[in-house]
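**Student:** Based on the sequences and whatever the hints tell you, model everything.
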Amino acid sequence: SQTIHQWPATLVQPVGSPLSLECTVEGTSNPNLYWYRQAAGRGLQLLFYSVGIGQISSEVPQNLSASRPQDRQFILSSKKLLLSDSGFYLCAWSTGTTSSYEQYFGPGTRLTVT
Amino acid sequence: ELKVEQNPLFLSMQEGKNYTIYCNYSTTSDRLYWYRQDPGKSLESLFVLLSNGAVKQEGRLMASLDTKARLSTLHITAAVHDLSATYFCAVDVLYGGSQGNLIFGKGTKLSVKP
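In the order they appear, the protein sequences are chains A and B.
Each residue of the first sequence is one higher than the one before, counting from 11 in the numbering used here.
Each residue of the second sequence is one higher than the one before, counting from 164 in the numbering used here.
There could be a bad hint or two in this list.
[As the list claims (entries may be wrong)] Straight-line Cα separation of at most 30 Å, DSS-like style, residue types lysine-lysine; simulated pairs:
| hint | chain 1 | residue 1 | chain 2 | residue 2 |
| --- | --- | --- | --- | --- |
| 1 | B | Lys-204 | B | Lys-272 |
| 2 | B | Lys-269 | A | Lys-90 |
| 3 | B | Lys-180 | B | Lys-269 |
| 4 | B | Lys-180 | B | Lys-276 |
| 5 | B | Lys-219 | B | Lys-204 |
| 6 | B | Lys-272 | B | Lys-231 |
| 7 | B | Lys-272 | B | Lys-166 |
| 8 | B | Lys-231 | A | Lys-90 |
| 9 | B | Lys-204 | A | Lys-89 |
[Said to hold, decoys possible] To spell it out: a stretch of chain A is covered by chain B in this simulated footprint if at least three of its residues, at any positions, have a beta carbon under 8 Å from a beta carbon of chain B; those stretches are:
| hint | region |
| --- | --- |
| 10 | 52 to 65 |
| 11 | 111 to 119 |
Just so you know, these hints were derived from the structure itself, not from any lab.
All C-beta atoms, glycine included, are put in the ideal place defined by N, C-alpha and C.
**Tutor:** Structural data, given as structure tokens:
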């Protein structure tokens, strides 16, 4: 069966510090991968998605970046965090086939920028 | 612009009562997904509706899809406290550069009280 991992689970970082969040998927090959952010009490904001190694699409301009160095690894980074980067970051995967675009979510990383 | 609108955004129910959450969308799609999010947790897939007229049921929840009306409903029967959560609907992006992605509604926060 497929599983998705995210780490760390929680993170407290000062403004201006760098960020690296990691997401890995097991049990599937060539998944589509997604990074979402959810501000407190709000909906989901799609940040990045990837359909393959090295292929990253950005949905909104921001000081975050994403990379996909391996087929089942997706990394979210920032060189300098802003207060507005605080939130709940969710990684998700889908099979990439056209029969269903159902996405499966990881446990999330709660980031607090102080 | 693709839009997914949920109604209501907040719902306070008494245990034992019935209610329906509505999800309207603006794009031509015949596939819709319902997710549940418990406070502080990630999203969990509830239902995948892949065709017009699809109906799925799990316990006290039943979801249906009318692609002609671009409407999905999530019906709650005899609500219990354990159903308290935020419910999201999402629709496929079938065409264009974002094909394969999902567009999420803002979520309906359900609170079931004794």
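**Student:** It remains to establish, for every hint, whether it holds in the given structure.
**Tutor:** Do the hints match the structure? See the list:
This hinted pair checks out: Lys-204(B) and Lys-272(B) have alpha carbons roughly 14 Å apart, not beyond 30 Å. A C-alpha spacing of about 29 Å is found between Lys-269(B) and Lys-90(A), which places the hinted pair at or below 30 Å, so the restraint holds. Of the supplied pair hints, the one linking Lys-180(B) and Lys-269(B) holds, its CA atoms being roughly 24 Å apart against a limit of 30 Å. The hinted pair formed by Lys-180(B) and Lys-276(B) meets the criterion: a straight-line CA distance of about 10 Å does not exceed 30 Å.
The hinted pair formed by Lys-219(B) and Lys-204(B) meets the criterion: a straight-line CA distance of about 24 Å does not exceed 30 Å. Between Lys-272(B) and Lys-231(B) the CA atoms are separated by roughly 27 Å; this keeps the pair inside 30 Å, and the hint holds. In summary, the hint linking Lys-272(B) to Lys-166(B) is supported, as the alpha carbons are separated by about 19 Å, within the 30 Å threshold. A threshold of 30 Å between alpha carbons decides the hint, and for Lys-231(B) with Lys-90(A) the separation of about 47 Å lies outside it, so the pair is violated.
At roughly 27 Å between alpha-carbon atoms, Lys-204(B) and Lys-89(A) fall within 30 Å of each other, so this suggested pair holds. For the region 52 to 65 of chain A, the stated coverage by chain B is satisfied: 6 residues place a CB nearer than 8 Å to a CB of that chain, which reaches the threshold of 3. For the region 111 to 119 of chain A, the stated coverage by chain B is satisfied: 8 residues place a CB nearer than 8 Å to a CB of that chain, which reaches the threshold of 3.
Consistency note: the structure conflicts with earlier hint 8 alone.
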